[in-house]
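Chain residues, written in single-letter form:
Number of protein chains: 2
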Amino acid sequence: MELDDRKIKILKAIIQNYLETGEPVGSRTISKYSDLNLSSATIRNEMSDLEELGYIVQPHTSAGRIPSDKGYRFYVDELIREKENEVTEMRELVIQRVDRVELLLKQLAKLLAVNTNYATLISGPQYHQTKLKFIQLSRVERGKLLVVTVLEGNIIKNSIIRVDAELSDEDILNLNILLNNSLNGLTIGQINLDVITRMKEQAGARGQIVDAVLSEIAEAIRTNEEDLQIYTEGTTNIFKYPELSDGEKASQLISTLEHKELLKELLTEDDGAKKKNEIQVYIGSETQVQSMNDCSVVTANYELGDGLRGTIGIIGPKRMDYDKVVSTLRSLMNQLDDTFKKEER
Amino acid sequence: MELDDRKIKILKAIIQNYLETGEPVGSRTISKYSDLNLSSATIRNEMSDLEELGYIVQPHTSAGRIPSDKGYRFYVDELIREKENEVTEMRELVIQRVDRVELLLKQLAKLLAVNTNYATLISGPQYHQTKLKFIQLSRVERGKLLVVTVLEGNIIKNSIIRVDAELSDEDILNLNILLNNSLNGLTIGQINLDVITRMKEQAGARGQIVDAVLSEIAEAIRTNEEDLQIYTEGTTNIFKYPELSDGEKASQLISTLEHKELLKELLTEDDGAKKKNEIQVYIGSETQVQSMNDCSVVTANYELGDGLRGTIGIIGPKRMDYDKVVSTLRSLMNQLDDTFKKEER
DNA sequence: TGTTAGCACTCATTCATTGAGAGTGCTAAC
DNA sequence: GTTAGCACTCTCAATGAATGAGTGCTAACA
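Here the protein sequences come in this chain order: A and B. Number 193 in our numbering belongs to position 116 of the first sequence; there are no gaps in the numbering. Number 267 in our numbering belongs to position 190 of the second sequence; there are no gaps in the numbering.
I should point out that these hints are in silico values taken from the structure, not numbers from a laboratory. Among the clues, some could well be false.
Because identical chains cannot be distinguished in the list, a pair is counted as satisfied if it fits within a single copy or across any two copies.
[Said to hold, decoys possible] In silico lysine-lysine, DSS-like type, Cα no more than 30 angstroms apart, as pairs:
no. : residue 1 : residue 2
1   : Lys317    : Lys89
2   : Lys234    : Lys337
3   : Lys183    : Lys221
4   : Lys326    : Lys183
5   : Lys317    : Lys109
6   : Lys337    : Lys401
7   : Lys147    : Lys326
8   : Lys341    : Lys147
9   : Lys326    : Lys337
10  : Lys183    : Lys234
11  : Lys317    : Lys337
12  : Lys183    : Lys317
All chains, please: the whole structure from these sequences, using the hints.
Below, the structure is given as structure tokens:
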């Protein structure tokens, strides 16, 4: 038995109806509100087939049908025709970017949460591909050096390191020159033993400071790398959907969103195929995260001009409005692209 | 009619029992589990009096009694004898402080959330009392200056400003010297028109850069001031208490905790009397925040060595274990004090 | 005068029962 | 292949009885 044209139409009608109402949908409803002009009995037969094929399920005998994960998957893959879906307020927002990436990300997330009525999460960009642009040491007090590291895209990292040795102003100046000459333009990944050895040679007596500084830079960058910054917004939106908000489930879900460890996998798992602007949909158990088996997640990889890449995700009930979410995300990505291309000109 | 000794004992018994069970407590329970050796009938008479006096209420006829806000207030004010209550893991934690204040705060909050099983929130320190320690301008690229500001306590703020004028290395050096000479040791509040005018005079042709830098510094500091940093932890703990976790309430509460605007009031309202280490208890409607009328909030003002002050709060159901929470907070404050005094030696 | 036993009464909660409604599957007729 | 009709299933909401916890009051007691 195969999906013929009529079955597909019925399936689509079922899913769309369910997306709207959240109630199991019966044969009579489809018979009345579709343009197929078939009696409920006929629909029933077809539904029976669709169930056998695994696209829909019955919560219990004598209830209507609801889409299965497979059904949703088919719907998302085959039946959605994206429509344009402008994200409001986008324009004004992006203007403020430049040096406050986290702020921008948070605002983006909030924007999406408000626009879609689902929960949003966004991962901070990962920096290991990003080039060093500027490094500066300065002494703030005896025995403590301030290290300021600026990455492409004007991401700024600070840290304070303790040094036992006494450094003169001239020492610091020289170190600064050395650091900038040797490291600017490199990515973290490119700072290998070779580079380090060469620097140490040039630093002479100050070699150990070089070590400390380098590890501190690595550390500063890794800080956002390891415990990957993830921002969530609109988590309380999940209370809007009864199937997620009752009791235990809500608790677990909110908890998952609060403790970001699990989310990390969610946002980074498709690392290999991390194509820019590609939008992924994970339905139910496709997410691999236990507490999200009643949810769907839509993710997109963003890029902010200078190679700063991260992932943005929208979490909602399985019966989320995939169409709207996908097109909203797509539109957001495009607007981001536009804005950042313009800036670079 | 007044609270005599026996009434107090009964009230205490009622409250303690209710704190444990969360169920209305009846006369028979008190009669059995207190050392008063009174029959339930006598207790009933006393309870009737206590109700008339406003310390307890009946959810409905023929239910037991539960404490009223007034009852809790009396309990908190008069009946708690604090016991020592070490916060575990404290020691290892504080070591990491130094330059990552936000991280420390988050960890503290988490620690408290885990220790108490309530939700925790903590406000980042406010900086207007904090002195500038070090300022540095550097050029990262054409037309853009990086401003690094270090405050007492090694709080570091960065920002990037655009400058139209072309600045030589020497200009920058001079500006740095001027800035540090003029501003180091001052608090933001102390940077008045007088200081600014004097600096502009000295800067001569570069006066407008001084303006830009100063406003950027003010901005950088205000960023954490205005949209006051507030971190929450353990918000999902509220699901552990049925009286908070059912339906609408949980939603509103979590929402309040997510959108930090309202919390600001909560943490800063006692500004005037902001005595260090003072612990405040707000019961039910005493919090002024609508969505928290079923909660109690315990706050304490912390101080991290260098005059960095903020507030930490614990949010739980009205029947929270005040005793434990208060003593835990107290102990935490003491340990913080100890640690930071030691560091300063 | 304070304390207690006893009793009638109230109210929430639980459980089973019932009926309505929605929806199905199957069969027989078109 | 489509449809009307019917018996059947299951959920849900309403009903009401039983239960039990707890009270308030009264009368008796020390």
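Hint-by-hint comparison with the structure:
no. : hint            : result
1   : Lys317 / Lys89  : within (24 angstroms within a copy, 41 angstroms between copies)
2   : Lys234 / Lys337 : both (22 angstroms within a copy, 26 angstroms between copies)
3   : Lys183 / Lys221 : between (33 angstroms within a copy, 24 angstroms between copies)
4   : Lys326 / Lys183 : both (26 angstroms within a copy, 26 angstroms between copies)
5   : Lys317 / Lys109 : within (28 angstroms within a copy, 46 angstroms between copies)
6   : Lys337 / Lys401 : both (26 angstroms within a copy, 29 angstroms between copies)
7   : Lys147 / Lys326 : within (22 angstroms within a copy, 35 angstroms between copies)
8   : Lys341 / Lys147 : within (25 angstroms within a copy, 46 angstroms between copies)
9   : Lys326 / Lys337 : both (17 angstroms within a copy, 24 angstroms between copies)
10  : Lys183 / Lys234 : both (18 angstroms within a copy, 19 angstroms between copies)
11  : Lys317 / Lys337 : both (22 angstroms within a copy, 20 angstroms between copies)
12  : Lys183 / Lys317 : both (22 angstroms within a copy, 29 angstroms between copies)
Violation of the numbered hints given earlier is absent; every hint is satisfied by the structure.
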